[in-house]
Amino acid sequence: MNFNSKLLKDLVKTYGPSSNENDIRDFIIKEIENYVDEIKIDALGNLVAHKKGNGKKIMISSHMDQIGLMVIDIDKSGFLRFVNIGGISPYVTLSQKVLFENGTVGVVYSEPVDDMSKLKLENMYIDIGAFSKEEAEKMVNIGDICIYYNGFDENDNIVFTPYLDDRVGCFIAIESIKAIDTPKNDLFFVFSVQEEVGLRGAKTAAYGVNPDVGIALDVTSHGDTPKAKKYAIGLDKGAAIKVKDNSIICHPKVREQLVKIAKENNIPYQMEVLEFGGTDSGAIHLTKEGVPSGVISIPTRYVHSTIEMASKKDITNCKELLVRFLNSNLELF
Amino acid sequence: METKALLELLSNDYGVSGFEHTLKDSIINSFNKFSDDIKVDALGNVIIFKKGQSNNVKIMLAAHMDEIGLMVKDIEDNGFIRFTNIGGIDPRTILGQEVVVHGTKDLFGVIGSKPPHLQEKSEQDKAIKMEDMTIDIGLSKDEVQKYINIGDTITVRRNLIELKNNRVSGKALDDRAGILVLYECIKELSKIDHEADIYLVTTVQEEVSMAGALTSSFKINPDIGIAVDVGFGTTPELNKSNSIELGEGPGITLGGNIHPGLRKKLVEVAKEYNIPYQMEVSPGPTGTDARAMQITREGIPSLVLSVPLRYMHTSVEVVDIKDIKDTGKLLAFFIASVSSENLEGLLCY
Amino acid sequence: MLLKLLTESSGVSGNEKEVRDLIMDEIRGYSDSIKIDRLGNIIAYKKGLNSSQKLMITAHMDEVGLLITDIDSSGLLKFITVGGIDKRILVSKSVHVGKDKVYGVIGAKPIHLQKKKEWINALDMDDLYIDIGATSKEDAEKYVNIGDYASFQSDYIEFGDNLIKAKALDNRVGCSLLIDLIKEIKDISFYAVFTVMEEVGLVGAGPAAYEVNPDMAIVLEGTLCYEMPNMDSHLMPTQIGKGPAISLADRTTVYNPQFRKRIEEIAKSNQIPYQYRKSSMGGNDSGKIHTAKTGSITTCISVPCRYIHSPNSVMSIKDYENTQKLLRAILTEYGKGVL
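Quick mapping for you: the protein sequence lines, in order, are chains A, Y and V.
Reminder that position 256 of the first sequence reads as 256 in my numbering, one-by-one numbering, no gaps.
Reminder that position 178 of the second sequence reads as 178 in my numbering, one-by-one numbering, no gaps.
Reminder that position 316 of the third sequence reads as 316 in my numbering, one-by-one numbering, no gaps.
No lab work stands behind these hints, which were simulated from the structure alone.
To list a few chain A residues with every Cβ distance to chain Y over 10 Å, as calculated:
#1 T14
#2 E38
#3 K76
#4 S77
#5 G78
#6 M116
#7 L121
#8 Y125
#9 K133
#10 E154
Listed next, the stretches of chain A that the computed footprint assigns to chain Y, with coverage defined by at least 3 CB atoms under 8 Å from CB atoms of chain Y:
#11 242-254
#12 270-279
EDC-like, lysine to aspartate or glutamate: derived pairs with alpha carbons at most 16 Å apart:
#13 Y/K322 with Y/E162
#14 Y/K141 with Y/D74
#15 Y/K146 with V/D161
#16 Y/K219 with A/E289
#17 Y/K121 with V/D124
Quick reminder that beta carbons are idealized off the backbone N, C-alpha and C, glycines included.
All chains should be built: construct the whole structure from the sequences, respecting the hints.
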């Protein structure tokens, strides 16, 4: 299997928490600029890459931003207190290494807790190895956001790393941009900002693009580990075609088209009924007069942890499904 | 079509949020003869247009087509189906129900759970969780998979029944009763003069996101938006203060979601035509399509009219046909009272 | 179809009239003597050639249901359950009230107005009532009286792989089997008894057994069947599609092992599938029958029914047919005098 591990590794390692997506945006621009007709950046920072074609106007959204911790206080001994940016679990965060934009590394620990089930973010702190407030302030300012700092690992089957959510979506979008030579449809690849804090980037990007059809690329959860909650999505079982999550009930025609294309091209797929969560399509479909929208999801274990895991085959299948969908005749409506 | 018969048709039919297209034809067929144009938009909203005498005023009415329901999330090895809910469902109200699973064909099933004799006494005072329920459609997994996919919708199988005093009970009266109000309204409008152009929209996905009202009101961009929905009917477990009585006319909502000038006019019209009405209070955004309409584009002055309905979001919702007729009439007379001359005055703060 | 007629009739314990009338109409032409005793049991006798031992076959006519206890000022009906009903299955169902079968529904507080701690707890009987659309107490009293019975409104449907959904399969399935036997069997003597009030404490069976005074009895039932995914097989009382269930022991009877083994032999020699009823929970008319007067030997043969005591129970047509075959075979052996 021809899997561009280097690109995925570079994507997950590039800094870009919600509201501070500059580094990751620059990285993506360099990757795609030779393959698209036009690149725009809107007021919120969304990267909109246009690949011209004659058919339907399709917006493909994958979000660049990642969850992180924002510093809100530095005490006199140099310890940092923080709040979450996006869905951060205290259990996942305890004893993690974190990385700031300027390269400063810290570790997260908690005050002594008798009952671990009561662990809360407000009882935790970041230690950057500074011995005073003054020392700390030389490295970090209040308002700075740090991200999980953990390695990228892989074997033949899978990758595991922080921030597959949603750099794997960006990966699929970039690979698709490169794979599509002459687009059949008019394609707007949006690398959106601030998804993790409420689908904010996709909302304005969709208003600007005003597409006929919306597709989001994002990770979904799993139900295939020991005693996992009932959920018919597993790793290595194919691209997930979303039916619903808490942000959207996907348009039946878009969903059916994705299924049809998967079947016709023998791309393994699974149907996704997610009982929580949301993604960019949740914002896109409510835009202006309404945009029929769907989602291709990458089955992922341990989402929002530092060891998110996805199958290389699934990722490749998602890309395959997207490329075929974008090149299909969308006589949907 | 007679009011009760059309309500029966729409209530017995199904259309869970996001899957409302099954209702489209019945709605088009019944509204056709009263309307000048009917369109179905990209998300599935049915937009019924009735021309007014001038084209200076646009009024949009919204009643949602979608209903709460269930969705297949997995199929067990013995062929039983695991499911989740679409829209707000009290899990206690679906235990032991007959259901229809809408696969490539409709299949009958029954919702079961862990048997009582295997439960501790103390457990029997606890409600059974939805995740512990299954649907039995009496087929093996291989057979099930021929007809049913993950993501298919499920509705409770319930036919409308007639209670005493012109009351009826059934599923999805929230908000098929609202659609009937639109029907009564357009019937009435066909008999009287009205200056305004009327867009009667049966909206999609109110129960999950109000996607239908948001997008259709963006397209129509009306001067006035009116949501027609159902209100909590008084029963012993509810306070008088947050419910309205069956049989005593539409609820007129008061609160931040409602334009005060329009509401005042609505009450005047009700008094003028001797139509009974009740007041409902809702401080912030209502749980209706009016919430979406109010914040569309530059903002749309909104009203909410509610048909009193008991046991909301169960399969035995109860409404009084008389309330539906009264609500339809009130709407029609209100619409007729709005003109290009008085509109600005009505909307003036 | 007989089972459709039987299950769509109302016969809550103590109020079996509609079912009794239906059964009487069905069996009148096929019995040599027939009577309704003082409690309302039907006792029919078929005279045949043999008469060495007295065989009684029974099925109870009654079903679980509701009883109206009060009408409140707004015209809503309060009720209690008759027989064992899990209160949790009542809400959001429709019912028939009284002999005019007035439609009513059992509603619930809208989820919108509930706090989470409300919907994780079962609704108590005090929270439930029936709404018939009445506008006041006086209005309701035009249609309903305190003391009226209510039964679930549920139609007979065939679905899935040869399955039936209906209410009151416990025990109209037994009634149906017994009516079939009365109509088909010739030249073999037996008593066919349709009992009342089984669901409220095996009330009818004792006096009927006292009157008939059988040597042996076969009780026909619709019984517990649960097959949830990933359930241990020892926790499944019976399984659908695996044939008639022969009882081992329950709360009211330890069934005579010789009689049981004889029936198993008959099933085997006729290639009729059968299973054991594994649960020791529940009980049936056998409890009163085998201890009447000087006692008798009894067996209980049941058709597995999922979700019994609810508006929607489910059974297999194949199980019904195999139970029918087994009963015919047993009666044939009995007719030869070798039971």
